[in-house]
Amino acid sequence: MTKKKSGIMNALQYLNPFYHLKIMKVRNKIILSFTFIIICILIVSLFNILMANIVRKNTSSIFFVELPVSKLASDCSKQLFKIRIAMMEILSSKNEFDKAFAQFNAENDRLMRNVEEFNVLLGKEDVKTLQIQNIKMYNDQFRATVLKLLFAFKDRIELEDQLNNEKKEDVRPIYLAKLQNIEILKTEANNKYDLMSRALDKIEIDYQDHVKKKINGIELLQNKFSSISIVVTLISILIGLVMSVIIFSSIINPLQKISLYVKKLSGGLIPIIDISEFNAKDEIGTLAMDFQNMCDGIKFIVTDIKESSKHINIAVKNSIANSEQISTGTCNQSKYLEETSYMVMELSKSIDNISKFINSSYELSKNTLDSAQRGNESVTGTIQEIYDIKTISQLSVAGLERLAEGSKKINNITEIISTIADQTNMLALNAAIEAARAGDQGKGFAVVSDQVAKLADRSARSAKEIEELIENIQKEIDSIMKIGEKSVLKVEEGVRSAEVSGNALKLISTNVDKVYKNIEDINIVSEQQVTLSKKINEAVQNIAATSEETAAGSESSYTQAQSLGVIADKLQDIVKQFEIENA
Amino acid sequence: MQLFCFFIGQQEIGIPIDYVIETSCLESFTLLPNAPKYILGLVNLRGDIVPIINLSKFFKLTWDNSISKILFINKDSILFGIIISKLSKPVVVDKDDINEYPRNINQSIREYFSGIVHVHGRNIQVLDLGKLINSIKNRDS
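One line per chain: the protein sequences are R and S, in this order.
Those letters in the first sequence? Residues 267 to 849, by the numbering used here.
Those letters in the second sequence? Residues 4 to 144, by the numbering used here.
I should point out that these hints are in silico values taken from the structure, not numbers from a laboratory.
Heads up, a few of these hints could be off.
Calculated cross-link-like contacts (lysine to aspartate or glutamate; reagent style EDC-like; alpha-carbon spacing at most 20 Å) [unchecked claim]:
1. Lys365(R) to Glu424(R)
2. Lys72(S) to Glu681(R)
3. Lys709(R) to Glu25(S)
To give an idea of the chain S side of the interface with chain R (calculated C-beta under 8 Å), a few residues [what the hints assert, rightly or not]:
4. Gln5
5. Phe7
6. Ile20
7. Asp21
8. Val23
9. Glu25
10. Thr26
11. Lys72
12. Leu90
13. Pro93
Predicted, not measured: the structure shown is a model, and the values here were computed from it.
For each residue, glycine too, the CB sits at the ideal point set by N, CA and C.
The task is simple: from the sequences and hints, build the whole structure.
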C-alpha cells in the first residue's frame, strides 16, 4: 500500500514543475533561464513580423490599384485634350473633314478604351460604373453632335459655293439658317464636352478621396499594431524576468544556507548540516555534502587534539622525570669513557707493532719477488739452451747420416779395389803363362808376375779388411744415429719439462707479486688503522666532552620540559574554544 | 813342370801351363742352339771363334754357379775355353810328384785325370786334356 502511495506521489511530483526545478543542476538551470529569455524574444519578433506582413498587404493594394488608376485618369484628361484639338481641327478645316473626323473618331475610341480600363480596375464599386456609363453616354452624344456639326459644315460649304458661284440669292436665307444652326451645334458640342470633362474630373476627385481614406486606415492600423507590440514585449519581458528570478533564487537560496553554516564554523561552532534542505543531485548539494564531511573531519580533529593535549601534559611530566635520570646517566658515562680511552691507546700501540711486522714481511716479499723473477729469467735461458742442444743434436744426426753415406761410398770403392785386385791377379797369371811359354828366358818375368800376384792378393785382402771395418763403422753409425734420435726426443721432453717449470716459476712470480701488492695494501690499511685509532682516541675525548655537555643539556631540557607543560596547558585552553553543536 | 791351377766348385784342378793361352773375364757369349748341355756357348777371342765348355756339367760336379773367369786352352791346335769358379796360384812340380788317381772312387771322372798332386796342403787334380778332347769328340760323333 505504502509503495503504491509513494509511486502515485512520485508521479504527482513529476507533474509539479517546481519539483523539477529543485532536482535540476545549476548549469541546466542557467541554460533553462536563457532558453526562456530566448523564447520571449522569439515571440516578440514573430508578432512583429506578423503585423508587418498585414500592413504590407494593405499598402501593396495602393501600389497595385490606386497608382494605375490615377495614371489612367491623367491619361483620360490628356485624351480629352487631344479630342478637343481634333474637334478644333474639324471646325477649322474646310475641305478635309473626313480625315479630321476619322482622327477625331480614333481619339474618341482610345478614350473609350481608357474608360473601359477604369471599369476593369474599379469593377466592384457601383457608383463609379454609373459615372463611367454617364461618360460613355456623354461621349456618344458628343460624337453625334460633332457628326451633325460635320454635316452642317458640309451643307454650309455647298451653300457657300452655290451662293458665291451661281449667285442664287434665294439660298442665302438657308445658308444663314445653316450658319446659325452650326453655331448652335458648336455650343452644344462644347457643352457635351464640358459635361464629359466634368464627369471625368468627378471620378478623379472621388478616387482621390478614396485613396486618402485608405491611407488613413493604414495609419490607424499601424498605430494599433505598435501599441499591441509594446504590450506583448512587456508581457514577455515580465515572464522572462519572473522565470529567471525563480530559477536564480533556486540557485542562490542553498548558497545562502551554506554561507550561514560557514559563518557558524568561523565563529568556532562546528555545525551539523541538514542535507535534506539541499538538492542532492546538483553541484551545491555535493558542496554541502563535502562541507558536512569537512565539518565531521574538523570535529574528529578537535576531539583528537583535546585528547592528545591531555596526553602531552602527562608526557611532559614524564620527560621532566627522564631528564633527571639522564643527568645521573651522563656522570656514569664519563667514567666509562675514561676507561675506553685507555683501551684505545693500548690498541694503537698494538697496531704500531703490526705495522712493523708488515714492513719486515713487505721487504721479504720484495726479495722473493726479485729471486722469482731471476729464476724465471734463468729458466727461460735454460729453455733457450735446450733448444740450442736440440738443434745441435739434430745437426749431429744429419752429420752421422752423411757419414753413413760416405761409408757406403767407401764400400763401393773397396769393391772396385777388390775387382781391380782380381784383375791384377789375372794379369799376373797371364804374365806367368807368358813367362812359362818363354822358357828359361822368361824366368825373371815369372818372378815379377809372382810379385804382382802377391801384390794383388794383398790388396784384395786389405780391401776385404777395409770392407769389414766399414761394415763395423756403419753398424756403429746406425747405433749412434738411434742414440741421437733418442737424444732429440729426450731434448724435446726436456724442453717441455723446462717450459712447465718456467710456467710454474711465472705463476710463482705473479703470485708473489700479488702477495707483495696485498702486503702493500695491508701496510696502507695498517697506517690508516693507526690514524683511525688516533682519531678514535680524539673521538672518545670528544664524547667525554659531549657527555659533560649532555649533562648540562639535560638540566636545560628539564627547564624546557617545564615550560612545555605550561604550553600544553595553553593548548588545552585554545581547544576548549571549539564546541560541537548538538543535533 | 809348371801347373796352372783353378777351382771348379770345390775341386782344385791343375793343367800344364804350356797349353794355357790366357785367362779373362766372362763378359759375353753367344748361345748355341741344339748344343749339348756342357757347351755353354761361343766366344770371340781376337778373331777366333772359341767354344766354351762347362766342365762341372761334363763331370757332373757340384757347382755354385759362380762363373767368373774363362780359361782359354790350346791342345794340338784345338782351341777351346773352360769356365772356372776361381783362379788359384800356379805351382811347379816334378812329374814324379804326380800320384795316381785313387781307383776306388768315381770311375767316370777318373779316366779324364792323369793324377793328383799334394803341394803346400793343396790337393790338385791334374786334368788330362788329350783324354778330355777325345771323349768330347767321341760324344759328338
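> Any of the earlier hints contradicted here, and which numbers?
Replying inline: none
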